[in-house]
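Required output: the full structure, derived from the provided sequences and hints.
Each chain, letter by letter, is given below.
Protein chains: 8
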Amino acid sequence: MMEEILKKVQDGQLSVAEAKDQLAAYENLGFAKVDHNRKVRQGFPEIIFGEGKTAAQIISIMDAIKSRGDDVLATRVAKEKAEEILKYQPDFIYNETANILYWKKDMQPNMGDTGYIAIVCAGTSDLRVAEEAAVTAEFLGSDVRRFYDVGVAGIHRLLDNVEAIRDATVSVVVAGMEGALPSVVGGLVSRPVIAVPTSIGYGANFQGLSALLAMLNSCASGVSVVNIDNGFGGAYNAVMIDRMARSAREED
Amino acid sequence: MMEEILKKVQDGQLSVAEAKDQLAAYENLGFAKVDHNRKVRQGFPEIIFGEGKTAAQIISIMDAIKSRGDDVLATRVAKEKAEEILKYQPDFIYNETANILYWKKDMQPNMGDTGYIAIVCAGTSDLRVAEEAAVTAEFLGSDVRRFYDVGVAGIHRLLDNVEAIRDATVSVVVAGMEGALPSVVGGLVSRPVIAVPTSIGYGANFQGLSALLAMLNSCASGVSVVNIDNGFGGAYNAVMIDRMARSAREED
Amino acid sequence: MMEEILKKVQDGQLSVAEAKDQLAAYENLGFAKVDHNRKVRQGFPEIIFGEGKTAAQIISIMDAIKSRGDDVLATRVAKEKAEEILKYQPDFIYNETANILYWKKDMQPNMGDTGYIAIVCAGTSDLRVAEEAAVTAEFLGSDVRRFYDVGVAGIHRLLDNVEAIRDATVSVVVAGMEGALPSVVGGLVSRPVIAVPTSIGYGANFQGLSALLAMLNSCASGVSVVNIDNGFGGAYNAVMIDRMARSAREED
Amino acid sequence: MMEEILKKVQDGQLSVAEAKDQLAAYENLGFAKVDHNRKVRQGFPEIIFGEGKTAAQIISIMDAIKSRGDDVLATRVAKEKAEEILKYQPDFIYNETANILYWKKDMQPNMGDTGYIAIVCAGTSDLRVAEEAAVTAEFLGSDVRRFYDVGVAGIHRLLDNVEAIRDATVSVVVAGMEGALPSVVGGLVSRPVIAVPTSIGYGANFQGLSALLAMLNSCASGVSVVNIDNGFGGAYNAVMIDRMARSAREED
Amino acid sequence: MMEEILKKVQDGQLSVAEAKDQLAAYENLGFAKVDHNRKVRQGFPEIIFGEGKTAAQIISIMDAIKSRGDDVLATRVAKEKAEEILKYQPDFIYNETANILYWKKDMQPNMGDTGYIAIVCAGTSDLRVAEEAAVTAEFLGSDVRRFYDVGVAGIHRLLDNVEAIRDATVSVVVAGMEGALPSVVGGLVSRPVIAVPTSIGYGANFQGLSALLAMLNSCASGVSVVNIDNGFGGAYNAVMIDRMARSAREED
Amino acid sequence: MMEEILKKVQDGQLSVAEAKDQLAAYENLGFAKVDHNRKVRQGFPEIIFGEGKTAAQIISIMDAIKSRGDDVLATRVAKEKAEEILKYQPDFIYNETANILYWKKDMQPNMGDTGYIAIVCAGTSDLRVAEEAAVTAEFLGSDVRRFYDVGVAGIHRLLDNVEAIRDATVSVVVAGMEGALPSVVGGLVSRPVIAVPTSIGYGANFQGLSALLAMLNSCASGVSVVNIDNGFGGAYNAVMIDRMARSAREED
Amino acid sequence: MMEEILKKVQDGQLSVAEAKDQLAAYENLGFAKVDHNRKVRQGFPEIIFGEGKTAAQIISIMDAIKSRGDDVLATRVAKEKAEEILKYQPDFIYNETANILYWKKDMQPNMGDTGYIAIVCAGTSDLRVAEEAAVTAEFLGSDVRRFYDVGVAGIHRLLDNVEAIRDATVSVVVAGMEGALPSVVGGLVSRPVIAVPTSIGYGANFQGLSALLAMLNSCASGVSVVNIDNGFGGAYNAVMIDRMARSAREED
Amino acid sequence: MMEEILKKVQDGQLSVAEAKDQLAAYENLGFAKVDHNRKVRQGFPEIIFGEGKTAAQIISIMDAIKSRGDDVLATRVAKEKAEEILKYQPDFIYNETANILYWKKDMQPNMGDTGYIAIVCAGTSDLRVAEEAAVTAEFLGSDVRRFYDVGVAGIHRLLDNVEAIRDATVSVVVAGMEGALPSVVGGLVSRPVIAVPTSIGYGANFQGLSALLAMLNSCASGVSVVNIDNGFGGAYNAVMIDRMARSAREED
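Residue numbers (our numbering), protein chains in the order written: chain A, 1 to 252; chain B, 1001 to 1252; chain C, 2001 to 2252; chain D, 3001 to 3252; chain E, 4001 to 4252; chain F, 5001 to 5252; chain G, 6001 to 6252; chain H, 7001 to 7252.
Heads up, some of the hints might be wrong.
[As the list claims (entries may be wrong)] Listed below are the simulated DSBU-like cross-link pairs for lysine-lysine, each with C-alpha atoms no more than 30 Å apart in a straight line:
id : chain 1 : residue 1 : chain 2 : residue 2
1  : D       : Lys3081   : H       : Lys7007
2  : C       : Lys2081   : A       : Lys81
3  : B       : Lys1081   : F       : Lys5079
4  : C       : Lys2053   : C       : Lys2066
Worth flagging that the hints you see were computed from the coordinates, not collected in a lab.
Keep in mind it's a predicted model, so treat the numbers as computed, not measured.
This is the structure in structure tokens:
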């Protein structure tokens, strides 16, 4: 492409000033196209981290994005803040469990026959993080199946669901306390497991440190870990993998 | 008992000096009888922590105890040190895996029909700690059944043994890395689980911290924890419980 | 049992569909019977962790359980929340010190001649955790004797009670700050000690870390540890042991 | 499948004993097939963690596997140990940088036109971990491209390679010290990044803690993390994803 | 100077009492002149740490300083507190983003042709700390250029500004989460980088520990670090350097 | 004193030059006299921290001090190093348990009727630290009584010695593992307790952290703490107090 | 004493029942006399830790003690709570800076010519802790001199006061942030220094950890440390020493 | 510059191929010139981190650099390794205290009248790190003055040197244990202080953590911090500042 520009200068088709502009643009494009490419190719909508932002700030950012016709999702929006926002933007959708607020042009599931993400969750206390993962993944265009309350202290509940979890293209496994669930799931499935430690617990859980360390030390091989309570990050990684996996499965 | 002594003084059966001695003895007995009682009632032999002691020191302590006719066990005796000791005391028995050296008048198993301790172990790397627990428990007079290499990443290996573990009076569960095994066992059995974290692992296991924190945060209710790599401590707690449990089971 | 089913199929007593159902049931029973067995054999009622649940949620869960005729206990229910619940369910009982709310068909003590759990507590600040342990243990059917305010800085207060603590089948020892009490008790008794560190203290106690580490490093042999502030867990372990111990003592 | 067995019993094709065996097999298969399936479907060979094992132990395990005709790889085998093993098994291959010893029937690369894993590495000190990842991934059947010494303090070295890294199906990014590289790579690519913190550094790196925490807190969205120095784990996750991705890309 | 005083005593020009006073003064001057010198030579105005002080306390301190004709700046003054203060002292200036309140006789920028400090900031969440640094530096008499929202996950945003950052006499680089930005900037510039970790993030960022450790372990050589969230300290160090640098540049 | 010098100048008794010298000396004396005074008034000999110094370095320092006729003590001198030194300086005395090497003109105990320091020690493993304290205290001129192996797990051993410990002017209490001993002693005595945590233990003792935190959180009021394994520091503090206390007791 | 009782029994002067009572009393006295002795000999009044107690609880405890004619002091009583208490007990005295509430029969200073405790304090933010120490020490009967705002960043302020600090019998040195002050003071004085770390600071001070570790690692020899923010504990240790020191100084 | 290239293409002075090369070079130059510029403008020679490299590796790297005529310095080269290297390269210079090996064309000091770096060091144990800083700074072309053994426990030693430290353009302050020295120096001087914590100490110094935290929390304003034991980093930062400062001072 640089060669073309230079040839046009040589041929007089471009003035020096024009060529300089185009080359500069090309240069910027070297990095700016990252964002553009990502949006075009992946269709990943914009994501806002809502914690520490006022309702007014969230409204103005989401409006700006929506007015461009783009989808938009805000994580960690507490109920009170969401209710304030919904007064002004009643067409936004709020998921109270997940603390997620979003707007999407059309929310159609993929056909479901090509693969799904398993969201596996140890206890009911971890639900906020699990739902943050689930809603994020659905918003980003993946199908999701929820396997909740299947913690290791009642291993049969997990085993009852093991076939369905095995069939998922990727699992997001959410657990607090001793964080043992990803190891057990990782030993039962043959696809990637994204482990999300939660801060659920008390005392020597030290705000999620116990679950985090346990997951990093998993004796199962296919487990990788994201930050404590980072349901969004778990889902984002899973959707990246699920997209590849679904294509692969379609051709099987 | 004090009253009796005083009465004898009043009756002239005891001189003041004799009474003083007996009362002093009684006083000391108030605390000294702890050790005595323990040995008499429980038959717990003496235990030596071998780490940081020379072969000569271990020999002299063990000889002294043995010469009283008492059983004696030394934990954390490395192979080289043990070999040096065995040259002088060939009738001592050394368990290389457990790093335990002991001498016992007669090592007869209990009849086995009245209960046993399950030593459950996640990986082959945890064997030293598991065997320290197993040999200690046997030395202290309990029957032991070993369930090794049943880590959570291959949960079916554990489930294949679940009935036998359930039948134990108490389980000592040894695990390093993510330390998930006690939670899974705790959810499957209805008897106490003593969890022993090990320092096995690397990186973010931080010398056993990951397993320790996981076990303290176990979502299963009947799990209590001892120090990292403390196989002896796990066994000691278990034997205390097993003794009570066996008596109970005998009468069932 | 599997054999019987198969024989009935062979004999035509069971259709293939019926056999499939029964075998599936049997399979599930492999794990589902855990819970069932536990309830039937042990009579352990349901336990709810009240922290982070609304009054409405607690009411609906407890009502559901109570309507089945089962006993139910909720830990960590703050006073305000409890008062709200008691308006709707005045027959629930609330223990304010322990922050425990429960309902039990009939709360009859065991005969008391067969053993009890000692709840030993260092300071008055640790009372909430100690009472959580005591009320839980009583609710689960054990007799309890309380030995409060016997911290190590006034060792004579502990020694005055040492005989009664020695006679307990198991001790739950609750302490914050330097967490020294379980070591001292462990050296005085010959039965298991369940140590419960509390977050009581300030500065370098780091929310209970000082007591937790001290207890894990106890120089007394028969001490195992549960999570910080986990009075319930301490009691649960103790009740498991006490049940076995009482049976054993009955036959003495 | 259970239905078929039962029908054969009904039809007299199977005796009760034969059916019991098959059903038991089926039952075990419920969990045992995990391992079997994994090997058959994924072709994942056996992996041995060599640290803490003697040369003799490694030889006997590897021989056993090799004699079944299976491929086998041992990580963390120090040079001296490897040389000892190679005397007995000169057909094993040892990669000194990666500290990996392996045997593989035939080591043919995939055609290379369908995708590859990028192994990205910050500094020359991280080479051991990066090569552990690279050799593992190749052994497990993926193509690998190495991008070494592209740390963030000389960002142009990374940018010079950005297109090739973008084209990878997944990146394994290895870094010690401040662990910044995965964030920068994660911002430049649109495929998953597996971050591997290393213990390289000194002082306040606390054996890899600095890199680990940095990676868990990555501001780039598609980054997940494995344990410190766990090059093998990074590769294992990447191969799982690469297999799906390659299938997907083949059909593009 | 001591010699002069002594001579005057010898000459009778000073009484013993007077000489004693002067020598004592001289002695005190040995240390007291530090503060005086600093103010005279550096023109560094007084700084107040506003956190934990009441509005009334801040008013009285600032008034006292202002009445001497000296400039004064208070950091960490929350909005409510500032509004209360401004009622009484409407001529104070409050910067809401920086949480800084100040009064300055005349706020004239240096001519700008002799150098400036670059304040570089990773994300919008770090703005408070970055602005604390920027406003402090301006108040202390340096020119400042702000480069905000140039975090490493979108490296092109940073690279677009690299020439202007290179031309700064010193950079203050503010970042939370993985704290990678100072390493990247340190690799691109040849002047000192003062790194300011922020507590922005959640989970395993542990209130800024992740960014702090990352910055201390920077693989770029010219990076030094101040306390978490210490925008003021970063600016203070930078102004010290900028003053020297500007003098140097003036003569180039 | 300054006044006298000035008067002599006025009187012509001192030249200006002489006075200047004396005042300068006085000035330096302002700080230098600290060391001098300390030696003169307290008779504290020089102390050398032997760890990390070669035998040759220790010899040359000790010789220099000894040649001035001053006493000298070196802590943390391992046995091999000491033997090397003793070849050259056979009149030095080496205490192998304490790892202390010293030379003292005359080592006479104080009369013993005026007070002593109690060195109280939990276990035999803590002996090195306890003896470092004991030998240091004796070397610095205090009488010492040793109370060893009186750990809290056998509380009667401590109680048997309680009167003698109470009579000490100050106690140095040395303990590793759970570090409970200072709290118990602090509750029994009415004089200061200097607590010395040791690194003795394993696993969750984290090189002495458990004992250190326990001692800092002591529920007994008169306990202060020095660094882990710092027997010397414990003794130094105790000797300071003992000197005052003995004077006080003499007059009782 | 025991002998006397026994003789009286022999002589018929005491009945068995009376002797039993007296011996029991004597026995209890073995530990109970601790408290009694302490009060009688030391005149240490009762101390209440006010944090976490209600106003009503504090009133009832203080009233009970006061009604016995004993002095009483409560630490960590917040202003609001104190005001509530003072409505009922207007003769209590509240020190707002120290958060201390007390009642004392007669608060007369000792004559001041026999010694005093120096309370040395780094910054104005540490005042609460310093005053807790100062008021406690005065309440316990020692004279106190305050040396505030003499932090190490303005070392001349400390040096101006060095003689007066040297003359103290013992120093309580209070500092947050880098906790350097005790080391500097310890190098200037020849009497014991009790170091009190405070939680004052932010970021990497980690709630007082930085000051605590610095003080434990002091390079000055005569420094011992109490818990973070424990001004009371610092004073208590100092008063114990001051009492001995004053007696000693009286006789000089 | 780009404009010039384009004009030459337009004028036919450059072929398209030549222009493309030059623009590519220019592009690369966008980042590559960093290194080049740095070397040309700053004269910073190459630095090698010697730890973990073999003697052979160090020889080959240093030879390569030296053969280009460039200066070269290797830090952290232990004595044995250095001696091995010096056999092959006797013209290299080894500083044993600093563990630094270097080669420099001509090592001429700057004239000394234009400024110098003060290397300030707390104790003799910190010498290795201090000398690493001093030798590095000299190698990079700055004058250095050493102020060693001026730790805060003998504050007069520091104060005796305060004027000379104040006159330095920048101070590198090296301290282990409590890390107090940078705060004291920072309060005495008005130029930047680079603080280097060392791992010197034991027990609760936790390999330098105590000094590191203390320095990050310095109450003096002009202090910034580098990694533990990073004498090289401290010097590098100081040289950057010293160069600017010397230029500035030359014109005063």
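Results for each hint:
{"no.": "1", "hint": "D:Lys3081 / H:Lys7007", "verdict": "violated (65 Å)"}
{"no.": "2", "hint": "C:Lys2081 / A:Lys81", "verdict": "holds (24 Å)"}
{"no.": "3", "hint": "B:Lys1081 / F:Lys5079", "verdict": "holds (20 Å)"}
{"no.": "4", "hint": "C:Lys2053 / C:Lys2066", "verdict": "holds (18 Å)"}
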